[in-house]
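Residue numbers (full-length UniProt numbering), protein chains in the order written: chain A, 1 to 154; chain B, 1 to 742; chain C, 1 to 336.
Do not rely on the hints blindly, as some may be mistaken.
To be verified - Chain A is nowhere near these chain B residues, computed Cβ spacing over 10 angstroms in every case:
(1) Arg136
(2) Pro158
(3) Gly453
(4) Gly674
Unchecked claim - Under the rule of at most 20 angstroms between Cα atoms (straight-line distance), these lysine to any residue pairs were calculated in the SDA-like manner:
(5) Lys125/B with Pro325/C
(6) Lys685/B with Ala121/A
(7) Lys685/B with Arg5/A
(8) Lys8/C with Arg5/A
(9) Lys729/B with Ser44/C
For the record, the hints were derived by calculation from the structure and aren't laboratory data. In this text, all values refer to a predicted model and were calculated from it rather than measured experimentally. Ideal Cβ placement from N, Cα and C applies to all residues, glycine included.
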Amino acid sequence: MENFRQINLLVNKQPYTLAIKPYVSLLDALRDYLDLTGTKKGCDHGQCGACTVLVNGNRVLSCITLAVMKDGAEITTIEGIDHPLQNTFIEHDAFQCGYCTPGQICSAIGMLREGKAHSRAEVAELMSGNLCRCGASMQIIDAIMEVKSGGSNE
Amino acid sequence: MTQIGKAISRLEGWQKVTGSAKYAGDYNVPDLLYGYVVNSTITKGHIISIDTSDALALPGVIKVFTHQNRPGLAWFDIMYTDMDAPPGTVFKPLHDNEIKYNGQPVALIVAERFEIAREASALIKIKYEEMHFETRLDRNIEKGRNAKKGLATALKPPPPKPKGDFSLAYDESPFKVATEYRHSTEHHNPMELFATTTVYEGDGKLTIYDKTQGTINSQIYVANIFGLHFKDVRVLAPFVGGGFGSGLRPQYQLFFSVMAALELKRNVRVTLDRKQMYSFGHRPQVIQKLRFAAETNGKLTALSHLALSETSQFEDYAELVAEWSHKLYPANNTLFSYKLVPLDLYTPIDMRAPGGSTALHAIECTMDELAYQLKMDPLELRLKNYAEIDPSTDKPFTSKALKDCYLKAAEKFGWNERNPEPGSMTHGNKLIGYGMATGIWDAYQFPARVEIGVNAEGKLLVNNATTDIGTGTLTVMTQIAADQFGLSLDEVTFGYGDSKKPFSMFQGGSAMTASTGSAIVIAANVLKKKLLDKAKEITNSPLKDAELKDVMFTHGRMYLKNQVEVYVMLTDIVQANKGKTIKTTNLGAPHMFDLRKYSKMTHSAAFVEVEIDKDLKTITVTRAVTAVAAGKIINPKTATSQITGSMVWGISKALYEETILDENLGKYMNMNLGEYHIPVHADIKQLEVIFVEEKDELINELGVKGVGEIGLVAIPAAIANAIFHATGKRINNLPIHFDELL
Amino acid sequence: MNDFNYHKAATIDEAVNVVNENPRAAYLAGGTNIIDLWKYNIISPELLMDVNQLGEGIIETSDGIRLSAFITNSATAWHPLIEERYPLLSKAILAGASAQIRNMATNGGNLLQRTRCYYFYDPNVPCNKREPGSGCSAKEGYNRIHAILGASEQCIAVFPSDMCVALAALGAVLNVSGSAGNRSISFNDFHRLPGDTPQLDNNLLHDEIITSIDLPSKGFATNYSYLKLRDRHSYAFALVSVATGLDLEDNIIKEARIALGGVAHKPWRVIAAEEYLVGKAPTAENFAIAAEIILQGAISFKYNAFKIELSKRAIVRNCLMALDPSSQLPGSQPSA
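Extracted from the complex, chain A is given alone in its bound form (with noise of 0.2 angstroms):
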């Protein structure tokens, strides 16, 4: 079955145009077909937040997504990211190993967009979805609160 289907995408403002199976993930088709390789696969199941892109500025996870839904679409992955919490994570080391980040990273912005987060607490709920391994949990809330706050050095 030649089951391609030609899609376009725009990537951090760059355009691409895919031919893709429909079974292809975002993720995949992020990561192995445009060579966009800072959005990563932690569970591929949509239980750890690695995957985190922005869509049309939402946040939404690229692993249980298929490139064809998105056909058209607006995406920003951590490539095409820059914003003063890059700067607040390394300076509260909101990270150790580094796989969760541009997934926190991106879901934080999706977050601060959202403008649901009025509190520590809220903040922390909402950035529920992001597991840390490493558990940097309190520096990632730190470095977003001081964003939120607008106390960054930015």
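Add chains B and C to chain A, keeping to what the hints say.
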């Protein structure tokens, strides 16, 4: 020393926040093939047949490897062994048709695309002959036997022989407790999936990007099995997405990736999926029985700790469990035992604070029970039994600032505000519990070789094969090296994560800073002498009469201690060497001879507050303070993260994580991150770390002891003790489910 | 894992027609569960019919609100009309999954998610829900997360949704389209008990698709609470959850709604318990009696006996929390 002791942000931080840090599965080399592993669905038995025809018929499938068509490989078990292999027979993937455990890899599909290989995996038809299996420790207690001895026994000796007459002393003591603890299986679950990208370079040469905690360990394993020259196998792991012990041994994706690359003469990547991450190595199930007895004044008289753990049918994996109480507390009568039960599961593997985190939970909860029996403050009981020399060996410690840990952490925490009566402290409809516990870990050091040199630009180049699994190794080693020559951090390049670099053991046991760090100091001293010798060769050298003890280094200069204005630029020395880098490679090794008279331990004290809902019994760890005595702290920022990260692991071990082993099916049932619960951000509240001053001039060149596991070991007991304080209930099996408090 | 075809539907009619013709076709909305199931090789669809971007959002009707089935859980939970008039629904949605998943998952899809039973998710072990007649591994297995109410010999799985617990309490009505036309299904008639057909989670026919959810005008916006008890503070399925809506007048209960999640094959509502509370004072004692009524007939297995007592306590606490909705913490944690 201007860099050592400074809270430096991770030097690789920018790469990690921009996605440019590349992990083993991120190398999209040209013409890459993708491998997908098929795993056994039975627990024990044989493969009768494997039908791969449908899989092979799928367009894009290149090859399916099974035990029937695998290439000829090394014959002898010894060729499969690795630096962390326990005594026994190493598991050999695709060796034959025997199934030793559920999830055992039985086939590899190689295809042009990941999706195709995965699709083909569902088309492989395997017929099995199933045999009876045993996977539950608690149903096979009578099979316990001593662990076999082998190379690994050097680091994990059997527990010490009995002292005095335990039974008599226990019977005659006025205060005594007997306890039992059961721990379920845990899996490391680093966020990064195990992946290997093998680049087929031709002429028997391979470049391998592997997820490992030991590049040289993987290199040796591959070269031996596939009959390659060591120098032709280069293993790279510049970024490792967490290890926690799971990368201490080469895992099967490495074997498969290399096998396929060599057979197909192509570049091949094999990435395990999350479920497959449960098919190699785990923290074992352990059953512990303790009996402690004390005099009326709280002095311990008798200590017994019996531990029973699981291993596989083919290797004897052992941990240090039974002996820790006597490294903390003196007693004249002791009885320790550690036994293994072989089960039809894969061999366990070290997982963050192996043995110690298991044992200290039991020991420090037993101490808490004893304190309550004695009507004595739990902290006071520890201080009453404080050991100034190691009671298990009667040797002095190289350093021990545990008392400081107790006192500083207790003060910071507000321990004296604790009302000891269980259930007496409340806040709204929450019960408040305070608990404390002691931590101890061995200050390991392994041999390491370091190459260090100065180049024509005056930059310091330092090389060692170690990885940085998130511990901060790059940053810490750069700080150590910079200080040897008074340089700034950007004048130092630390090369690592590459088997081509000089020898390093795998990164584990909290040993890396002591191992590679000390080797840097040793090599730097040799380099200083070399530089001085070269400096003297310069015409009219101002240092021509100087001796090594007379010179110092800073800002790219070698100068006379007493005459700062008399100096030679390092760049000029290299210039005089025809611009060629001046370098040396040296071995750093533990001071075995001097240290044999000492006990070398890291210590900690943890104080934890829990809030427990009065009706619903939901548990929240609202704050925790850990004080650590681990010698010199090179980088307080990364070291603090090591401790807080370990504290999160302690919270997880106490309250959340467990691999569910189905008693009828002989397999794990929650092999995913949705049902294998590790803490989410909302679980983690306030964590505080104190590093107490601990000067250690004996332990090694730097006076460092390592901080990778010490933050974990005390936390589970502190939490369990806090839960008792809040509720009056002792839950001895981990993890503690809140519903057990109903 | 199998290769499948994909089609993006322009209209609901088109989607229904195509799915109707292919027994191995399935609707695809957020994808958060169906793609997960496909990757575990639990389902192998031939065609996925993408129904995203159909429907109209949230509109006011003469007697309540109509929620499109095709908008996301986030858009629903944070919609001003829902936050203001149906805060119970908002709270329940926000207690489920993670922010990212709620940004993807649709309202219709939420109703159709499959159980989280370990044995259902492992294609290599017996499971009557996955493979009718193969047996139930959970009954003799590790059944800590399983049902205490309404289970059968065939299946003891529970339905995992949080949103649906609130929809059950609110008495929602589902509007469905299929090749035979449109129909409405009251919420409590939608999900099924396992009985002898555990493979059927609900009463939708193969080609039928949920198009919208009607919320009756009564939203219990003054006295409501959603409580979720689970093994960690967030991002875990409920062991027990409770949705409560109370209508109070002069400190007397005029109407009560209580639904339980995590305990059965569907959100669990017992009308007799709600009726018992009518005319009574909102006290812990009365709520405890209601809880006893709700848990009548509960049967536990080796590892889940705690759920019975936990459910009773959760009901009482949640009803008390409903008296002061401001006491609810993020993630629907118990009040402090």
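Contradicted hints - numbers only: 4, 5, 7, 9
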